[in-house]
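K.L.:
Residue numbers (full-length UniProt numbering), protein chains in the order written: chain A, 1 to 189; chain B, 1 to 235.
Be a bit skeptical, because a hint or two may be false.
Reference listing, derived: stretches of chain A covered by chain B, where coverage requires no fewer than 3 residues with Cβ under 8 Å from a Cβ of chain B [what the hints assert, rightly or not]: (1) 40–46; (2) 78–87; (3) 148–155; (4) 166–179.
Calculated from the model, a selection of chain A residues having no Cβ within reach of chain B, i.e. all distances over 10 Å [as the list claims (entries may be wrong)]: (5) Pro7; (6) Gln14; (7) Ala20; (8) Arg21; (9) Asp24; (10) Glu49; (11) Ser50; (12) His51; (13) Glu53; (14) Gly68; (15) Gln69; (16) Asn139; (17) Lys182; (18) Gln187.
These are calculated hints, taken from the structure and not from any lab test. Note that CB positions come from ideal geometry on N, CA and C, so glycine has one too.
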Amino acid sequence: MTPTQDPEQDQLKQLLQACARQEDRALKKLYQQTSAHLFAIVLRIIKNESHAEDCLQQIFVKIWHSAGQYNDDIARPMTWLSTIARNQALDWLRRYKNDRLHDSDDVLVEMSDQRQNTEHLAEQWQSSTAVHHCLETLNSDQRQCLELAYFEGFSHQEMAEHLKQPLGTVKTWIRRGLERLKLCITQSI
Amino acid sequence: MHHPIDLTDPEQRNQAAGEYVLGTLSVQDKAAFEALLVFSTDLQKEVEQWREHLQLLNSQLEPVQPPKRVWRAIEEIVKPEPWFKRLNFWQWSTAVSFSCAFVLGLTLLLQKPPMDNTADHLYVVHNDEKKPAWLVNTSMDRSNVMVQTIDPAKLPSGLVCKLWLKINGEYLMLGTLPHNGLEKMMVPEPYRPMLVKAEVLVSVEPINGDNDPDKMGRVVDRGGFMPLSGSTRRF
């Protein structure tokens with residue numbers, strides 16, 4: 001493993017490698033360090049806390065079984081873990097699309113209660129926003145489209161219907177949004 | 001009309017990599033893209049680069065701590081404890097539950113059972129010897145469940161077993177499983193239509209513990225109600 005400038009990412013790599021050797025203590029540490037971030041992704045996609053919990057459970061079981069496939073030359077550990085979480089949550093969303101999935105406002109109350117317990121994580125999160133300003137370079141239409149695709153799994157057509165905009169307009173917003181995001185991130189690194 | 005992406009053009013190809021990660025490529029473009037992705041290491045790198053770029057959308061989300069029960073459930077899957085460490089009582093198994101419920105259902109059909117004669121769904125809670133500890137029967141109008149004690153596990157002092165239902169993702173504590181005899185537990189009205197589809201959970205809790213699902217104790221048994229078709233609701 002090649003050490004990086006980021007001790008947090010290095011530690012995650014080591015934990016993933018230990019998971020690949022089926023060291024269950026490593027999975028626990030990995031869970032402690034990443035579950036709040038991955039749960040946020042899953043909740044953003046699924047929006048139902050109970051389903052999100054079940055999905056998160058599946059995600060960590062999947063991570064446990066596929067940690068050996070992680071290649072640190074290709075992806076950073078948190079990106080790899082987030083990709084698994086997002087894909088699993090989007091699969092879940094598609095599977096249960098016709099079910100009543102969205103909770104009442106109670107869920108939001110519960111979530112806000114939980115947030116009180118995650119203040120330290122929130123601080124960590126706020127301090128790691130070095131490139132977050134790149135999202136601010138997107139206009140609201142571009143950002144909304146990217147988020148609808150990324151977190152809701154919307155196709156171009158679904159987005160056009162949802163936003164009541166011509167298909168071509170939506171495609172342009174996405175294309176320009178991606179271009180702008182890439183340019184900003186490339187310049188920030 | 002749909003114009004296919006020209007994957008020989010570097011700009012269009014990179015844009016397609018972004019949309020591939022975003023998930024917005026059409027079926028046709030996605031198929032062409034994936035066909036190239038298999039062979040092209042450059043394209044694989046571009047995809048990974050886009051994953052990093054779009055990770056920004058994930059990292060803007062404020063972390064949310066999941067409830068402790070999620071880790072407990074994961075731990076049970078990846079590192080199941082040997083049976084003798086499980087507080088020395090029962091372990092759960094859907095397969096065993098199914099077969100026991102089936103055999104028990106047949107047995108009960110052949111004799112006049114002492115329970116509520118309107119129920120037609122049954123769940124069997126097992127003890128550590130994989131023998132029935134409690135029978136949980138739904139009433140026909142779904143307003144309650146009747147719990148009959150068979151051979152309950154012996155718990156350390158100060159601990160009890162509680163019966164939960166998980167309906168539409170929501171946890172509902174029905175009551176404490178009895179040491180002996182019958183116990184009727186009411187099911188709140190809104191949950192009755194989904195009662196027989198509910199997941200049944202049995203957890204070990206302190207006697208005076210609260211009924212907060214977020215603080216649910218160790219789950220020692222879980223599964224679904226078994227329909228007893230052909231029973232003509234004799235029990």
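K.L.:
Decide, hint by hint, whether the structure agrees.
P.N.:
Hints versus structure:
A stretch counts as covered by a chain when three or more of its residues have a beta carbon under 8 Å from one of that chain; for the segment 40–46 of chain A and chain B the count is 4, and the coverage holds. With a cut-off of 8 Å between beta carbons, the segment 78–87 of chain A has 5 residues touching chain B; three or more are needed, and the interface restraint holds. Beta-carbon proximity to chain B at under 8 Å applies to 6 residues in the segment 148–155 of chain A; the threshold of 3 is reached and the given coverage holds. Here the segment 166–179 of chain A counts 4 residues with a CB under 8 Å from a CB of chain B, which clears the bar of 3, and the coverage holds.
The beta carbon of proline 7 (chain A) is kept farther than 10 Å from every beta carbon of chain B, the shortest such distance being approximately 17 Å. Every Cβ of chain B is farther than 10 Å from the Cβ of glutamine 14 (chain A); the closest lies at roughly 18 Å, confirming the non-interface assignment. Here alanine 20 (chain A) stays apart from chain B, with its beta-carbon at least about 13 Å from theirs, past the 10 Å limit. The beta carbon of arginine 21 (chain A) is kept farther than 10 Å from every beta carbon of chain B, the shortest such distance being approximately 13 Å.
Listed as outside the interface, aspartate 24 (chain A) is inconsistent with that label: its C-beta sits roughly 5 Å from the nearest C-beta of chain B, within the 10 Å cut-off. With a least beta-carbon separation of about 7 Å from chain B, glutamate 49 (chain A) fails to lie farther than 10 Å from that chain, contradicting its non-interface assignment. A Cβ of chain B approaches the Cβ of serine 50 (chain A) within 10 Å, the least distance being about 3 Å, so the stated non-interface status is violated. Distance check on histidine 51 (chain A): its Cβ comes as close as 6 Å (rounded) to a Cβ of chain B, failing to clear the 10 Å threshold; non-interface status is violated.
Not every C-beta of chain B lies more than 10 Å from that of glutamate 53 (chain A), the closest at about 5 Å, which undercuts listing it as non-interface. Here glycine 68 (chain A) stays apart from chain B, with its beta-carbon at least about 14 Å from theirs, past the 10 Å limit. Under the 10 Å C-beta cut-off, the non-interface status given to glutamine 69 (chain A) relative to chain B holds; the minimum distance is some 14 Å. Here asparagine 139 (chain A) stays apart from chain B, with its beta-carbon at least about 16 Å from theirs, past the 10 Å limit.
Look at lysine 182 (chain A): its CB is around 6 Å from the nearest CB on chain B, not clear of 10 Å, so calling it non-interface is violated. The non-interface label for glutamine 187 (chain A) is consistent with chain B: the shortest C-beta to C-beta separation is roughly 12 Å, beyond 10 Å.
Against the hints set out earlier in the document, violations occur for numbers 9, 10, 11, 12, 13, 17.
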